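Chains A and B, in that order, give the protein sequences. Oh and the first sequence: position 35 is 35 in the numbering used here, straight run, nothing missing. Oh and the second sequence: position 143 is 249 in the numbering used here, straight run, nothing missing.
Since the hints were made in silico from the structure, they are not lab data. Don't take each hint at face value.
One-sided excerpt, in silico: chain A residues whose CB lies under 10 Å from chain B [as the list claims (entries may be wrong)]:
#	residue
1	ASP55
2	GLU86
3	SER103
List of simulated lysine-lysine pairs, DSS-like, C-alpha gap at most 27 Å [what the hints assert, rightly or not]:
#	chain 1	residue 1	chain 2	residue 2
4	B	LYS126	B	LYS143
5	B	LYS194	A	LYS97
6	A	LYS97	B	LYS211
7	B	LYS211	B	LYS136
8	A	LYS97	B	LYS168
9	B	LYS126	B	LYS136
10	A	LYS97	B	LYS143
Computed from a prediction, not measured in an experiment: that's the story for all the values here. Each residue gets a CB set at the ideal place from its N, CA and C atoms; glycine is no exception.
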Amino acid sequence: MSVDAVFKALGDPVRLEIVTRLSDGSSYTIGKLSENLGVSRQGARKQIQALASADIIELHPAGRETQVCLKPDSLQQARLFIADIEQRWDQRLQALKRLLEDSGDT
Amino acid sequence: MQDSIQREIVINASQERVYKAISDPELVVKWFPETIKGEYAVGEQPIFGFGSHGENRILIVKATPHEYFAYRWVPGGNYFLGDVLSVKTTLVEFRITVQDDGSCKLTLTESGFAALPEDIAESSHQQNSGGWDFMLGRLTDFLSGQ
Numbered sequence: 001m002s003v004d005a006v007f008k009a010l011g012d013p014v015r016l017e018i019v020t021r022l023s024d025g026s027s028y029t030i031g032k033l034s035e036n037l038g039v040s041r042q043g044a045r046k047q048i049q050a051l052a053s054a055d056i057i058e059l060h061p062a063g064r065e066t067q068v069c070l071k072p073d074s075l076q077q078a079r080l081f082i083a084d085i086e087q088r089w090d091q092r093l094q095a096l097k098r099l100l101e102d103s104g105d106t
Numbered sequence: 107m108q109d110s111i112q113r114e115i116v117i118n119a120s121q122e123r124v125y126k127a128i129s130d131p132e133l134v135v136k137w138f139p140e141t142i143k144g145e146y147a148v149g150e151q152p153i154f155g156f157g158s159h160g161e162n163r164i165l166i167v168k169a170t171p172h173e174y175f176a177y178r179w180v181p182g183g184n185y186f187l188g189d190v191l192s193v194k195t196t197l198v199e200f201r202i203t204v205q206d207d208g209s210c211k212l213t214l215t216e217s218g219f220a221a222l223p224e225d226i227a228e229s230s231h232q233q234n235s236g237g238w239d240f241m242l243g244r245l246t247d248f249l250s251g252q
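For reference, chain B alone in the conformation it holds in the complex:
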């Protein structure tokens, strides 16, 4: 059993472009939340908006161009809007490494599930079916519209 997950994807783009797509709010809204409110910078707690599904506040903890970007949040569909520092959270980390052929490997890690407080893990699992549908819908829009 695991306290963390790790996913990898190879992206045929420069390290700078990958980093920008993760750290620049104008680009982040093109692939993840629909809107971002507040300052998207280290130490700030901007709010991800998922349309009618709700909003989720995150805390950006570290940004190292063009290699690393990390934030804490109450995972997924709990739509937590309080002070992120006041509750147990998971840490979401993006690591970008350049491969021999010039493409980038993006490694996503989310850790801290074992420390989540009462009910969060379970409600995250239950509520996230809605968030999941929303993401699929966004993806479909993205693929058909571009």
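Next up, chain A with everything else stripped away, as it sits in the complex:
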């Protein structure tokens, strides 16, 4: 599982909506998860498969249905990556602020 794969997998509004629905930790059947996504059931199925391939969600066969839930580790990696980028920009912008506010020569 790479951070790159996480971002790629989430770079689609339908996949993002699927992940958002699962993000409270609950599990859905594929049928339930496919409702009201704005795409066909086949289209929804394809996006669910893409998320499973990227290791972002897990599929568990349960009787005749398949349960879907989120793998928290994968999203955690993406969050850490974003937090890291944000933190570095904050430091750079603070240095810029210092430069402008502490010196009169610019």
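Place chain B on chain A using the hints.
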């Protein structure tokens, strides 16, 4: 989940001074990279130098005095030196707006993480601990030396 980040900072300086600190290479090296090689102008691909940590080439895409400045790069510590146009990059944008009290709000946006190619996001995350230490060191030097 997000494809972009946005940060804001209020700076007690005029819009002209803030813009100059972002667009004038002699001032940029006082707060971000240690050195800049090449022409720092729209359409050019100057190279940011981070001391012993490496170099990173950027592509300046737009400069609108005194409001907006933007460049593309392969983010952070990948130290990419090829043609920036040949690879997927993130877009770094600076927007400067004047507030009622005369200070400026600087808004930084970096976008395009979802489009990054294989390995870049991950290696950026891993390698950047070095770059991060370097930036902290620079900041400390700056605060204690000035």
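Numbered hints the structure breaks, given as an ascending list: 1 and 5
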